[in-house]
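Q: Here is how the chains run, residue by residue.
4 protein chains.
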Amino acid sequence: MCGIFGVIGHKEAAILTYLGIQGLQHRGQESAGIAVLSGGKLNVKTGMGQVREVFSLEEIKKFEGTVAIGHVRYSTSGTSSLANAQPLYATTSKGEVALGHNGNLVNAHFLRQKLIKEGAILTGSSDSELILHLIARSTAPSMEDAIIDSLSEIQGAFSLLFLFKDKILAVRDPYGFRPLFLGKVENSFCFSSETAAIELIKGKVIKELMPGEVVIATKKNYKSIQWKKTKEHYFCIFEYVYFARPDSVLYNIPVSLSRINMGKRLAQEGKTKADIVIPVPDSGIFAAMGYSEESKIPLSFALIRSHYIGRTFIQPFQSIRDFGVRLKLSPISSIIKGKRIILVDDSIVRGTTMRQIVNLLKNAGAKEIHVKISCPPTRFPCYYGIDTPTSEELIAYNKNVEEVCEFIGATSLQYLSKEAMEKSVDLEKKWFCTACWDGDYPVLPLSSKQQRLFSLKKQ
Amino acid sequence: MCGIFGVIGHKEAAILTYLGIQGLQHRGQESAGIAVLSGGKLNVKTGMGQVREVFSLEEIKKFEGTVAIGHVRYSTSGTSSLANAQPLYATTSKGEVALGHNGNLVNAHFLRQKLIKEGAILTGSSDSELILHLIARSTAPSMEDAIIDSLSEIQGAFSLLFLFKDKILAVRDPYGFRPLFLGKVENSFCFSSETAAIELIKGKVIKELMPGEVVIATKKNYKSIQWKKTKEHYFCIFEYVYFARPDSVLYNIPVSLSRINMGKRLAQEGKTKADIVIPVPDSGIFAAMGYSEESKIPLSFALIRSHYIGRTFIQPFQSIRDFGVRLKLSPISSIIKGKRIILVDDSIVRGTTMRQIVNLLKNAGAKEIHVKISCPPTRFPCYYGIDTPTSEELIAYNKNVEEVCEFIGATSLQYLSKEAMEKSVDLEKKWFCTACWDGDYPVLPLSSKQQRLFSLKKQ
Amino acid sequence: MCGIFGVIGHKEAAILTYLGIQGLQHRGQESAGIAVLSGGKLNVKTGMGQVREVFSLEEIKKFEGTVAIGHVRYSTSGTSSLANAQPLYATTSKGEVALGHNGNLVNAHFLRQKLIKEGAILTGSSDSELILHLIARSTAPSMEDAIIDSLSEIQGAFSLLFLFKDKILAVRDPYGFRPLFLGKVENSFCFSSETAAIELIKGKVIKELMPGEVVIATKKNYKSIQWKKTKEHYFCIFEYVYFARPDSVLYNIPVSLSRINMGKRLAQEGKTKADIVIPVPDSGIFAAMGYSEESKIPLSFALIRSHYIGRTFIQPFQSIRDFGVRLKLSPISSIIKGKRIILVDDSIVRGTTMRQIVNLLKNAGAKEIHVKISCPPTRFPCYYGIDTPTSEELIAYNKNVEEVCEFIGATSLQYLSKEAMEKSVDLEKKWFCTACWDGDYPVLPLSSKQQRLFSLKKQ
Amino acid sequence: MCGIFGVIGHKEAAILTYLGIQGLQHRGQESAGIAVLSGGKLNVKTGMGQVREVFSLEEIKKFEGTVAIGHVRYSTSGTSSLANAQPLYATTSKGEVALGHNGNLVNAHFLRQKLIKEGAILTGSSDSELILHLIARSTAPSMEDAIIDSLSEIQGAFSLLFLFKDKILAVRDPYGFRPLFLGKVENSFCFSSETAAIELIKGKVIKELMPGEVVIATKKNYKSIQWKKTKEHYFCIFEYVYFARPDSVLYNIPVSLSRINMGKRLAQEGKTKADIVIPVPDSGIFAAMGYSEESKIPLSFALIRSHYIGRTFIQPFQSIRDFGVRLKLSPISSIIKGKRIILVDDSIVRGTTMRQIVNLLKNAGAKEIHVKISCPPTRFPCYYGIDTPTSEELIAYNKNVEEVCEFIGATSLQYLSKEAMEKSVDLEKKWFCTACWDGDYPVLPLSSKQQRLFSLKKQ
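Residue numbers (numbering that gives the first Met the number 0), protein chains in the order written: chain A, 0 to 458; chain B, 0 to 458; chain C, 0 to 458; chain D, 0 to 458.
Do not rely on the hints blindly, as some may be mistaken.
For identical chains, the list gives no copy identity; a pair is met inside one copy or between any two copies.
Stated by the list, open to error - In silico lysine to any residue, SDA-like type, Cα no more than 25 Å apart, as pairs:
{"hint": "1", "residue 1": "Lys164", "residue 2": "Lys338"}
{"hint": "2", "residue 1": "Lys44", "residue 2": "Phe312"}
{"hint": "3", "residue 1": "Lys218", "residue 2": "Phe316"}
{"hint": "4", "residue 1": "Lys203", "residue 2": "Arg354"}
{"hint": "5", "residue 1": "Lys183", "residue 2": "Lys218"}
{"hint": "6", "residue 1": "Lys113", "residue 2": "Gly94"}
{"hint": "7", "residue 1": "Lys219", "residue 2": "Ser37"}
{"hint": "8", "residue 1": "Lys116", "residue 2": "Asn42"}
If you are wondering where the hints come from, they were derived from the structure by calculation, not from laboratory data. These numbers were taken from a predicted model, which means no experiment stands behind them.
Use the sequences and the hints to build the structure in full.
A: In structure tokens:
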């Protein structure tokens, strides 16, 4: 997953962009980058790691300029390397351009082969680079036209920010997989993957870009173009379940409320007698709030987050090699001991982490552990920007609910139904992508490896 | 404040100590250090910053040895500099020794003058260095005797770990201001400021050191000496209110439960009509749980923590210079809007942060904001290891509750009474230091500056 | 200027390449990089600065693989940035390829415009990137053919190393501006800009690539193709004068001997009475040896090199801002005082450094300072890979010898004649590029800016 | 060995001290440090490595203040660690003080035991720390008196700079083992181990401190005290042979001239037929100049220095593990081949490096290699500040000249006689320490280990 942010027309565009991508840090911690237009030249700096690791104060201070875009990345397509960090930059037939991309193209493999065959050279392994090539090859006279021209060739999930010649051009794909917002901060415009990052810099949200919409902003004003109309939208409902910040608002629905609703509906769908509701921090907090409110079982923060040490640090030492989740989460035994526990989290992927958490609670004296997941079983990979593993690695693809429950060692396990999940978000029209649960992919990927995965699903 | 941790008799003593001081990271983030006994030599590495910033994997791997102590520091006495980072190390008349100290001496000024007059050279500005000088000057024949000998000369708060000649010697001051625990991990012994750090490394707590107790551990066994008996103990109750981890247990009382009790008693002492209870994360979480449980007003996580940017980073940029707490905390407007809010935190120091938080909530649409503080008004500085400012800077020293409420802009403000706070901890004997609220200092500091502060209090 | 080095068929190819480019460090200190073929994948690491700053031991150890190429760069075309560091890497229609380039294309501007017009995207600003684009666009079936195909489109100076599919392909341009050698180390082949780097790794030189030659090496053998034949060669004679290492051999002529000869001929062309011959270290050492031998005036190392502090370090401090060359060179007054001095260096560019050196010697008590330059006056910029400034900035373009002498403050100034310089190298056929002295450029650059410089020359 | 430098009364004292210790970098590259008096407070920063590695520009800029001292260290006493880096700093009964020390105490072991017994705590392992303890314990009323008081207790080699209360106090030991100079830069005073560092910052040498002299400088003036008079001086003649910079002047004798004289006398003492004189760079350059001048055999720079890679970097790679001196020195075969060579260097310690150099020359085709050493055979360790190994490790202690010649593989080997060496320096009175050649130690060390070495010598 990735996050994108941009500012145009502000005398301190770089520091606002820096704060903006920090506000989107949860969307990607592998690499970060900022591109600034400074004296007619585009300066780009990218680096591996979190925003605060990549940029020093001196660098941000040097980034003078009134137009900037930034990006945070968690690799989904392409290997983890500096060459894939964004914003990407290129000199093209339409001038200099920088690009930040959130989402994943499903026809990347095909485009890649086509472009290489036509003589393009690819310097990274991500799909975002392909978009720049399409634009560079477009025969449209202006950059704007070339961008819109190229959009027809790409398929999949893409929210894009282009920075070129004193403009920022923002694009949302026709299905609307990933969010994108236009805002105002002081007298300048800003763009962000989520509303929370706009509010962080004291900005106001002007509007959410609709699927198929392009917004072109200059320092003075902006215009909107509906470059493509589609009857159906497929917004990623997992943004509500887990990915987006709880203080963001998507399609006018507050993320926090949708999560609270999921928790309530979990309680409605399966009544369980218990003493306390414990969220897995931080992913399960809001669903746990809803569960507690609905079930009248008290909410308790009996699992707390610890300082985290990376795997590479643990591995060399025999005595701590198996500590696992214990280094991330601490149970409060005095609360847990002898209790019947409702444990709430957003999802189970491979099952190994949840098994360790259940075990931690058992060792802390829990009498019963009822695991409640605020979405249906995750059974299929995401081709639209979330880094889920293949079906073979997803525990719910290989096991039914009882088997998963047995694997994680819980007293009981309950998933939220798809209907309840959708109702929790309460959009007027239920235009969601729910492929990771039901395998109904709105846009089909094309690579042979992906084809194989599809056939797996049909079995 | 500081945290100390040690391991003796374990073949991977250094990595356990590394994890141990990470588990105590909340007690001090200014500097960190580890001393390891390796081939008969003491190796010490200290550095500024958090544990994970100070030590690389390579360094921890090189720290071979079966005895180690570690320290995390937040400066309370002495300026913030590498020279004051601990463990301190010295070659003395009794051999090599390393020292980690949690607490603050009240007769440091006097000892400093005395030692310098006698020809000692001081290389830092902290009080802990003085302890090593006293030991070096002791005429007692052994290190053990010299340490116990020297303890009679120091006054104030001190939990100490000494590492020397294949032994760890742990000391707790006669009043018991700061906690200290002995534990067992596999077949080795460990020491820790808090129980949570022992549990982090899968250890078991053997016992809490009592005030005036010394425990001397070798690889094979340990012995306990009551080096001084005092009728009265003065354990820092603020450890329950704020400082210790919620998953630690002090004097057999779980910290989490004492905080939940404080929240319950807050609700009992002052009934307030409201829609939701919001904790200031993470300090107000457990008191908020108690408040919610007692008042039946739902608990809501409508303030969430953000990534933090340091002051030095913000200062150069005009447009974000005043962002303040906004960069640390984000309100969830969709929850807050139109609500009557109970806002729970552990304390108010200068009042400026709370004023900003109240303002954040107002801007997010809160209808009423009732601030609930889980201890009495903080009016006096701590001389025993907590970095509270002088009385002049403490808002509750200068203003009464109504005036503080007006300053922070809240609808109402309620502090927990001292009696309710003490009952919340529920120790059989109520042996607490409560000086920061009532100014009753169990041990008197001696410097002229401190004397002035005392006289201020009397006014 | 740049240096290139490669190894194929050696189990420790990366460390040998690391040493190889360190042996070529004098050819470029702005950036460094290594590409290694590892398990069928090309791994590339580049960084700003010297070789030892760019690569850690850990990184070199991870670079497993039996084929590697490396590059050191001093920017001549394209700005100084990480995007321009080499080896360049791309995925193309012919597979993955890495490229290291020494030299400068004169039709880069034209190619750049053409490629961009055709839809290419350029990610850096150097000319080397263009070569990869030409190859990618070639319709030739194999990489080898595509490379040779593309060579016909590029004009100027280019010695190239391509790494692709278990092969290294080495190219020298038809005029032979820049050197390139094939060598053998143990049972593997290596390539290097200079012989000294081959000897550094205990290798033997097999042959120098001739102008217009391509050598394709696999792990087992190599083959040579004369891809283009030209009647005339234009080897950069400045490689003998200054650029190459004194322990290298070019066209079978040892660089050290050619420099000694230049010194001898300087002494023959202009007899000067003096007490000692002082070289400017290290550039003037070998010419000074020759001058001393011929003139029988003793050689003296009365100027010694100091530790160097960069300009950015000096600038903020008023009291040292004007120290200039004083921080790089120290005169030994006891030797210099009262002496008539022959000061030998390889060239004068802007004249400011030489003026400072003459001034240093004057202040150290020199009676007379006779400056001897081992080549003719540098009057024209180099378009073939050396970073000389424009004619306007070259002091010898604007002033005659007497005026230059006056500017630098010397007692007298003598340049070596072009004929003597050429005789000093003593090649059978005098196939040299001497454009920086006489403006006779063998291949014409095409950009408008360069055209202007040509017209300047004609005046 | 170490270097010390200080400035008092200059508004940019820190940057001048930074340059000063860079000018003394050859005297120690293990650690570096600067102490600055700033607003009445002493700020000290030390670090491992060379000066430019230890200090960033930002740090130097922050070091405001008009008084500063600096130090570079190569460990001779005490292990290599940050705790031993200087300037040392302490708060004492006489106030705050910083100390830089060049030299080595011979009664350190005794003082160490005495001080520890008296209750001192030692934080490092170097002898310099002991001096601060003696001062702190002195009953003299002022710092000045306490310093002079303490000097009577220390024995051995010591040139010292103390910074305290707006003064710099410089001390040279009664035998004058190590040099120390007072200079003037603009209107301020400076101190330096060598004259070259004073000239580097455009200062003028005022005077060399005489053995037993103390100079106390304030911002306005200085005064000199002869704190101890001794009939005999023992200046380290190895400073002339190798250690000092060639552009320094010691006891009014230019170091360069003394080295040239040594080379001349080498030629006089042993006539050898040869074709060229090659210096080992940089240590043999000036003696080679003298040898060439006297013998009329031409001087040739046929060995050149390369970029250096550390041992840790080489070790992991099998193919380069044995490269040794080849990575530091490159022979120019075209000059060397078939020649009879005079190879000049300053000394042979263990013999292994010289053996590798001789071997390099042989492989480059040398016909004969006559090694000329510009001092007598080094047979005894230095107790006065130079890091020579024990006698057992010194090749000339174990072997006679013929055997050493055989070991290094040279055609012949000649050492300069002690008389010729002394005459080369040409001091009026020959007050030299020549212990490393003849074992006549002017001041006796006292440790048992050192006693054993003495007895070894007597055999």
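Q: Take the hints in turn and mark each one as holding or not.
A: Against the structure, the hints:
1. Lys164 / Lys338: Cα proximity of Lys164 and Lys338: none, with 62 Å in one copy and 46 Å across.
2. Lys44 / Phe312: between (28 Å within a copy, 18 Å between copies)
3. Lys218 / Phe316: Result: close only across copies, 20 Å inter versus 55 Å intra.
4. Lys203 / Arg354: between (42 Å within a copy, 23 Å between copies)
5. Lys183 / Lys218: within (11 Å within a copy, 58 Å between copies)
6. Lys113 / Gly94: both (23 Å within a copy, 14 Å between copies)
7. Lys219 / Ser37: Answer is within; shortest intra-copy Cα gap is 18 Å, inter-copy 50 Å.
8. Lys116 / Asn42: between (31 Å within a copy, 23 Å between copies)
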